[in-house]
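**Q** Spelled out from the first residue to the last, the chains are:
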Amino acid sequence: MPAVLYVAIGGAIGAPLRYVVDSWVQRKFGPVFPWGTFLINVTGSLVLGFITGLALYHGFPNAPKILIGTGFCGAYTTFSTFVFESVTLGKDGTARVSVLNVFGSVVVGLAAAAVGLLFAAAV
Amino acid sequence: MPDGQSGQQLPDASPQLPVDPDRPPFVPNVRTVRGRLDIIAVIAAGGVLGALGRYGLAVALPTRTGQFPWGTFCTNVTGSLILGALLALVVSRYAHTRYLRPFLGTGVIGAYTTFSTYTVEADLLVRDGHALLAIGYVLASLLAGLVAVWLGIYAGTAISGWGRR
Numbered sequence: 023m024p025a026v027l028y029v030a031i032g033g034a035i036g037a038p039l040r041y042v043v044d045s046w047v048q049r050k051f052g053p054v055f056p057w058g059t060f061l062i063n064v065t066g067s068l069v070l071g072f073i074t075g076l077a078l079y080h081g082f083p084n085a086p087k088i089l090i091g092t093g094f095c096g097a098y099t100t101f102s103t104f105v106f107e108s109v110t111l112g113k114d115g116t117a118r119v120s121v122l123n124v125f126g127s128v129v130v131g132l133a134a135a136a137v138g139l140l141f142a143a144a145v
Numbered sequence: 008m009p010d011g012q013s014g015q016q017l018p019d020a021s022p023q024l025p026v027d028p029d030r031p032p033f034v035p036n037v038r039t040v041r042g043r044l045d046i047i048a049v050i051a052a053g054g055v056l057g058a059l060g061r062y063g064l065a066v067a068l069p070t071r072t073g074q075f076p077w078g079t080f081c082t083n084v085t086g087s088l089i090l091g092a093l094l095a096l097v098v099s100r101y102a103h104t105r106y107l108r109p110f111l112g113t114g115v116i117g118a119y120t121t122f123s124t125y126t127v128e129a130d131l132l133v134r135d136g137h138a139l140l141a142i143g144y145v146l147a148s149l150l151a152g153l154v155a156v157w158l159g160i161y162a163g164t165a166i167s168g169w170g171r172r
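Chains Y and C are the protein sequences, given in the same order. Take 23 as the starting number for the first sequence in our numbering and just add one per residue. Take 8 as the starting number for the second sequence in our numbering and just add one per residue.
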């Protein structure tokens, strides 16, 4: 199967899952802080770190790597919504929450990806 | 669709983005996924297009070990610009549409841009001994993405005002 098909299948699952998770988290925690996007980006970074680590250290095959990594994790996580929410939070006069969202998401996301990579290296 | 809930839904059913520039935060009032299966299908279709667009750009601008990941950077910055413009337009002009925002915003642009590739690429740069480049990549993406989304909102708001004067 060509790689574009794996990307398409992963995208068809990742994007709607982001919507479902985000709706669920927002209902639980409310719209004060974008916890939905935060949780999505952190968990997606963890999974992509793990898959990338499996490919780097254990020769994980290319087809599932493209399906889960490029297709699913790429579509599940989102950069545009993250920066949009950060800008609109700032506009609404909650600049501190906005800065917290920007740096919190990046720092925790980088850490989650590193945990995924290290875990894959260790298994 | 045989459910009694979709009638309660606000016209643009996209709780993906809680903070809108011109509106109070959207609180979804349809509690089940079943009541939004059409929205989910539309997002899946958009997700296919967005993921393929990102893959195409990644193939065109491949990231080499130890170098600045231009492919992801360009994807995320262009996607942020488009999302800003799109949401400004949707809020001011197309708030009555049910599928426009889920399809283009949540689906296409949400799947086109990516956070996980961004964080993993930065970590791999650190692993390969390019910590400064990693910091530069992280900060440049953030700064360019924030400016892009702001410019997009500005442009979208301007465009939506044109036909009204």
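Any given hint might turn out to be false.
These stretches of chain Y come out as covered by chain C in the derived footprint (C-beta under 8 Å, 3 or more residues) [unchecked claim]:
1. 23–37
2. 40–49
3. 69–77
4. 102–111
5. 131–141
Just so you have them, the derived chain Y footprint on chain C, three or more residues with Cβ under 8 Å [stated by the list, open to error]:
6. 54–60
7. 83–93
8. 100–111
9. 140–153
None of these hints come from the bench; they were simulated from the model. Fair warning: this is a prediction, and the values are worked out from it, not measured in the lab. Don't be surprised by glycine CBs; every beta carbon is placed ideally from N, CA and C.
**Q** Are the hints correct? Go through all of them and say.
**A** Status of the hints after comparison with the structure:
1. 23–37: Held - the segment 23–37 of chain Y has 10 residues with a Cβ nearer than 8 Å to chain C, which meets the minimum of three.
2. 40–49: holds (count 7)
3. 69–77: holds (count 4)
4. 102–111: Contact hint for the segment 102–111 of chain Y vs chain C: holds, 10 residues under 8 Å.
5. 131–141: Satisfied; 7 residues make the cut.
6. 54–60: holds (count 6)
7. 83–93: holds (count 6)
8. 100–111: Per the Cβ count (1), the hint is violated.
9. 140–153: Three-residue rule met by the segment 140–153 of chain C, so holds; n is 5.
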